[in-house]
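Protein chains: 2
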Amino acid sequence: MHPPEIDEVDPKHSTNEVDPEVAPDISEEERLARQLSSHKDRIKKTKYATRKNLVLVNTGIGKGKTTAAFGMLVRAWGQGMDVCMLQFIKAKTANWGEEKAARKIDIEMIQLGDGFTWLSEDIEKDKELARTGWKLCKEKILSGKYDLIVLDELTYILKYGWLDWNEVKETLDNRPNRTHVAITGRYAPPELIEYADLVTEMTEIKHPYHANIKAQKGIEF
Amino acid sequence: MHPPEIDEVDPKHSTNEVDPEVAPDISEEERLARQLSSHKDRIKKTKYATRKNLVLVNTGIGKGKTTAAFGMLVRAWGQGMDVCMLQFIKAKTANWGEEKAARKIDIEMIQLGDGFTWLSEDIEKDKELARTGWKLCKEKILSGKYDLIVLDELTYILKYGWLDWNEVKETLDNRPNRTHVAITGRYAPPELIEYADLVTEMTEIKHPYHANIKAQKGIEF
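Chains A and B are the protein sequences, given in the same order.
Here my numbering is used: the first residue of the first sequence is 19, the next is one more, and so on.
Here my numbering is used: the first residue of the second sequence is 19, the next is one more, and so on.
Keep in mind the hints are simulated off the structure, nothing from the lab.
Incorrect hints may have been included.
Copies of one chain are not kept apart here, so a pair can be met inside one copy or by any two copies together.
Claimed, not checked - Simulated crosslink set (DSBU-like; lysine-lysine; CA at most 35 Å straight-line):
| no. | residue 1 | residue 2 |
| --- | --- | --- |
| 1 | Lys224 | Lys163 |
| 2 | Lys224 | Lys153 |
| 3 | Lys70 | Lys235 |
| 4 | Lys122 | Lys224 |
| 5 | Lys70 | Lys143 |
| 6 | Lys70 | Lys153 |
| 7 | Lys153 | Lys235 |
| 8 | Lys122 | Lys143 |
| 9 | Lys143 | Lys153 |
| 10 | Lys224 | Lys177 |
Predicted model only: the values in this text are computed from it and were never measured.
Take the sequences, apply the hints, and build the full model.
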């Protein structure tokens with residue numbers, strides 16, 4: 019296994035890979051054999067697959083939406099790409115681990131919010147912040163300067179109706195070929211799910227909060 | 019909103035936050051008011067909450083398991099913590115974005131695998147690699163040198179029976195107080211889910227592979 023081959027195919031994804039949960043009866047050898055053949059099929063198929071700029075969405079009520087987007091950002095940065103993250107909800111004054119890390123390695127990360135929007139007691143101010151924030155996102159997306167832009171927690175702005183989906187769609191439609199856009203947040207609207215190329219839902223199975231354990235530095239923030 | 023308050027509570031998590039999907043009838047103002055009150059309750063509660071070292075699991079067949087763990091690793095590194103990632107399946111010779119990024123910022127990342135285990139044509143060799151890999155994980159976990167250790171794709175080794183859960187459990191039981199451990203991979207065994215403090219399932223809603231689009235640099239690897 020070497021990088022060019024990895025380039026051809028996403029090895030973790032398979033439509034006909036044999037899931038041991040689904041097919042517990044076959045032997046391990048048989049499963050491995052089938053997986054190998056399925057993998058080879060996919061390599062063959064993807065030789066003719068198209069490259070395109072993607073819209074990716076991390077949604078759901080579980081953890082890891084922002085963290086996975088941040089991980090992707092750092093990874094793309096590792097590949098020498100031009101990246102940027104715009105965060106809608108987090109306050110400018112907070113000092114999150116992401117921010118600290120981004121500062122250390124000089125990744126562009128911009129906080130557009132003024133605290134947690136849903137905690138505000140002045141909705142009009144939040145709407146205005148959201149509109150101003152979106153303007154900057156639009157500029158960045160259309161600038162042609164980025165390979166990957168993360169719009170962190172944009173979904174809330176859409177959900178609350180402070181920004182119209184058609185405006186987002188138009189910007190995404192007109193973005194340069196090189197620019198992938200990743201959007202995170204709960205309640206991704208159906209139009210966005212429909213539009214996106216890749217959608218992952220994070221579901222919470224278990225959370226330490228239930229066991230009365232505090233949010234911890236380096237883990238939650 | 020300032021860091022000490024964030025420290026007190028995970029603002030994204032709530033057990034009684036009002037989900038607009040579930041309660042569409044209440045007004046936006048009412049929802050915000052209830053969320054604010056729920057948030058204040060939680061801050062109060064968590065004042066008495068306990069800090070402890072956590073075991074976190076990212077599982078499910080969707081994307082973002084490794085990426086979210088990697089994001090958490092970089093974030094913890096941003097907080098000045100000592101971190102390390104050990105990867106079971108990825109080959110030493112591959113040149114992934116995570117690796118490149120980790121090298122650039124001097125985060126310890128160790129590949130224990132020799133290619134994709136489930137693609138191997140020599141199962142005995144894979145078993146041996148898994149056993150040797152686990153030994154190193156155990157040393158790192160018990161060393162007391164780390165705040166966060168990610169065991170990437172350890173679940174497969176457990177699933178295939180190449181490593182006994184009780185051995186993992188014993189190591190986790192005996193780990194130093196400072197050490198959080200995050201484990202990623204499909205098919206997390208029930209014992210691990212039961213043992214873990216936080217479990218997130220990543221579900222694939224949509225994948226560009228289905229639209230015959232190639233895996234892309236900076237996005238998938």
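Tested hints:
Proximity of Lys224 to Lys163 under the C-alpha cut-off of 35 Å is restricted to the inter-copy arrangement: shortest distance 27 Å between copies versus 40 Å within a copy. Proximity of Lys224 and Lys153 under a CA criterion of 35 Å is satisfied inter-copy only: 28 Å between copies versus 37 Å inside one chain copy. Proximity of Lys70 to Lys235 under the C-alpha cut-off of 35 Å is restricted to the inter-copy arrangement: shortest distance 11 Å between copies versus 37 Å within a copy. In this assembly of identical chains, Lys122 and Lys224 lie within 35 Å of each other by CA distance both inside one copy and across copies; the values are 32 Å within and 34 Å between.
In this assembly of identical chains, Lys70 and Lys143 lie within 35 Å of each other by CA distance neither inside one copy nor across copies; the values are 37 Å within and 38 Å between. Taking identical chains as interchangeable, the C-alpha atoms of Lys70 and Lys153 lie at most 35 Å apart only when both belong to the same chain, with a minimum of 25 Å there against 42 Å between chains. When the C-alpha separation of Lys153 and Lys235 is checked against a cutoff of 35 Å, the pair qualifies both within a copy, at 32 Å, and between copies, at 28 Å. With identical chains, the CA atoms of Lys122 and Lys143 are at most 35 Å apart within one copy only, with a shortest distance of 32 Å there and 40 Å across copies.
In this homomeric assembly, Lys143 and Lys153 come within 35 Å of each other (Cα to Cα) only inside a single copy, at 16 Å, whereas the closest approach across copies is 55 Å. Taking the shortest Cα distances, Lys224 and Lys177 sit within 35 Å of each other both inside one copy (26 Å) and across copies (20 Å).
Hint compliance for this structure: hint 5 alone is broken.
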